[in-house]
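Asks: Assemble chain L onto chain S, guided by the hints.
Quick note, the sequences are listed as chains S and L, same order.
For the first sequence, our numbering begins at 511 and goes up steadily by one.
For the second sequence, our numbering begins at 511 and goes up steadily by one.
None of these hints come from the bench; they were simulated from the model.
Among the hints, erroneous ones may be present.
Claimed, not checked - DSS-like mimics (lysine-lysine), calculated; alpha carbons at most 30 Å apart, straight line:
id, chain 1, residue 1, chain 2, residue 2
1, S, Lys923, L, Lys746
2, L, Lys799, S, Lys871
3, L, Lys923, S, Lys746
4, L, Lys514, S, Lys746
5, L, Lys799, S, Lys929
6, L, Lys514, L, Lys929
7, L, Lys929, S, Lys594
Please read these numbers as outputs of a predicted model, since none were measured by experiment.
Number of protein chains: 2
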Amino acid sequence: MSKKNAFYAQSGGVTAVINASACGVIETVRANRRRMGKLYAGRNGIIGALREELIDTSRESTAAIGSLRHTPSGAFGSCRYKLKGIEEHRAEYERLIEVFKAHNIGYFFYNGGGDSADTCLKVSQLSATMGYPVQAIHIPKTVDNDLPLTDNCPGFGSVAKYIAISTREAALDVASMCETSTKVFILEVMGRHAGWIAAAGGLAADAEGDAPHIILFPEIAFNKDKFMKRVQRSVKRYGHCVIVAPEGARYADGRFLADAGTRDAFGHAQLGGVAPTLAEMIKSELGYKYHWAVADYLQRAARHIASATDVEQAYAVGKAAVEMALAGKNSVMASIVRGNGKKYSWKIGEAPLDKVANVEKMMPRNFITRDGFGITQACRDYLTPLIAGEDYPPYKNGMPQYARLKNELVARKLKKRFKV
Amino acid sequence: MSKKNAFYAQSGGVTAVINASACGVIETVRANRRRMGKLYAGRNGIIGALREELIDTSRESTAAIGSLRHTPSGAFGSCRYKLKGIEEHRAEYERLIEVFKAHNIGYFFYNGGGDSADTCLKVSQLSATMGYPVQAIHIPKTVDNDLPLTDNCPGFGSVAKYIAISTREAALDVASMCETSTKVFILEVMGRHAGWIAAAGGLAADAEGDAPHIILFPEIAFNKDKFMKRVQRSVKRYGHCVIVAPEGARYADGRFLADAGTRDAFGHAQLGGVAPTLAEMIKSELGYKYHWAVADYLQRAARHIASATDVEQAYAVGKAAVEMALAGKNSVMASIVRGNGKKYSWKIGEAPLDKVANVEKMMPRNFITRDGFGITQACRDYLTPLIAGEDYPPYKNGMPQYARLKNELVARKLKKRFKV
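Pulled out of the complex, with its shape left as it was, chain S reads as follows (with noise of 0.2 Å):
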């Protein structure tokens, strides 16, 4: 039996360390060349396998492959694109076989979130479905932290790092000027379902009083009058107030906050999010003078700043998600297993995909305080080992130097083209 090829793709939101786990993915295949065949990455993610635009990475130099380690963002490109049910798109899988049996393709891996493990238990699925051998195991990557059976996801590590050092920077600013300018300070992380990211914000205090002196999350539903008490309360107490929001931040009803309903001249809906939302309203309030900031790319792509426990792991997934399949192993996600000691220690784990699948994890009630408004002990503890270690890139001119792939397409072999 000749060996097989393997399928690479990276699916959803990039982040500051995928690459780490393509990287991860690559050297294993490539010290492994004697029982498996070549790395195809899809350009621009699973698109990239139905329109049979395979990136052929054995064409990359060792150099440009290790340099993946310290880039962040997808270098193949991903995409936000979920596959149908069986039912429903069949001519989407054969499509699907089609290109892998064109390009003798068994391993497919997968490096996503809850979306993409669906995709890859649904193409995991494919040898019993449709009689298409192929292993697909599953390598989680999600700066949203909410993948369940995993202690965490990589990804997350480095944006909790970057939003606790630019929480504890920017509250040192405001704290230098609040006695005569800016009192109240916003800083608006992503996470629409999950208060994962506001929650490593709480990284940034060491002691009572340091900022942040609120966290909003969204499993907790915003009280407007209980939020400018606080606020209030902050200010008089500290002389400033920063406040560190999620995008998911909502009323009880469901109602996003940056969904306020507010139209400008045009008719259109507003344009701002939850900082600027939440700053006027409390300059309107209670009048004091604010600033905000909205990280957004920012906080994913910063690789500058990377937790050096988070490029760890996500290189340790990829490579685990190929020794796994060299294994025989499909249909699993390789997780991560926090020991139980008092020292943070981690292992690779192996979770079933259909269990990981359509399933977030939420923030535990009890990581967040009693008042809704904080991080407990238990979440620091959780917390504080993900963002341990720098890992810097190399600087060239004042400049961090990231991978310029070559990301040359293999010669197709299908005739068809299949419009995605």
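Replies: Positioned in the frame of chain S, the structure of chain L alone reads:
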């Protein structure tokens, strides 16, 4: 003659390296204790002098003062408070002299931007105007980089580095996502009048086609048609478009873009800044999916990725200010003078304060490309050395360790209080 004490204050918006200047001042005063007395820092800037709230920096340990070099923002507090003219508000100057006399202060070090240079100039004239002998030396600081008679301003290099890196990182993110999702990314940066910070975004690009594809400048009137065409061209050519926009971007008639005249349901002015305004404009004209970020305080507080050159220069101007005072100078600013050689070099110079105060240095037109959307090679040559080198703070448990001073006030000597 008994040796005189010195007063130091931080003024205006703080930066990632203003404390490095404070460190330079304090360490140099300490090294010259036979000739100069104590260094009192104003609590919250000049207000601290008026209120007789003087921080006795001699009570801080050598290590604590040393750690100021890697601590962002104003460790003694800053203020936005402009002294009026002596004719207008003689009481303020009389109070300053009272406080200076009471604490035997003969040296005045003021660490700030353009407005602060004006305050420092007025204090430098107290000897002539009000008969109180004091030497006033200005220590330049501003992220806006708009002070004249200095090649650049401490604080700017670190913001420039942060914006260049953030642009490069976020651009990789957009490039990964653009096939099926976000096509336009807008980063809003500081700069109300001068485009220096926006220009720094241009350092993200190494080659043709690299982001940012569009930079806006306050110095160049915004032309919506030209802008939209450029956005569209970039998306067609590269699949995406990255834009760096300063808060001060404006129309030919002087109106700021951010002041779109839009109102919410309650008649409040719209919340957004330049980035959301541009995003909404692009969405409604071209239909592209967008993301935007507003860096706000994050950019000027980002000590974690400060420019080593900037830190060194910030320290040097602080040190030089004390040396100038000891050499009997008055009414001068410590400046940075660039060498003429091909290889970047700099040394400390001296600029007359009356030529510095109230003058803003804009981007020269030849630093902006003819089309008004980018930076020229001359601009790159100017900016590149300013972001050179990384000067990482120490970390513990994944977090940067910033100075915590005792900030103990000197016992008051005056009975009279002064209301500020």
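Asks: Now tell me, hint by hint, if it's right for this structure.
Replies: Status of the hints after comparison with the structure:
1. Lys923(S) x Lys746(L): holds (28 Å)
2. Lys799(L) x Lys871(S): This hinted pair holds, its Cα atoms lying about 28 Å apart.
3. Lys923(L) x Lys746(S): holds (28 Å)
4. Lys514(L) x Lys746(S): violated (37 Å)
5. Lys799(L) x Lys929(S): Roughly 21 Å separates the two Cα atoms, so the pair holds.
6. Lys514(L) x Lys929(L): Judged against 30 Å, a Cα distance of about 27 Å means the pair holds.
7. Lys929(L) x Lys594(S): violated (69 Å)
Violated hints, listed in ascending order, are 4, 7; each of the other numbered hints is respected by the structure.
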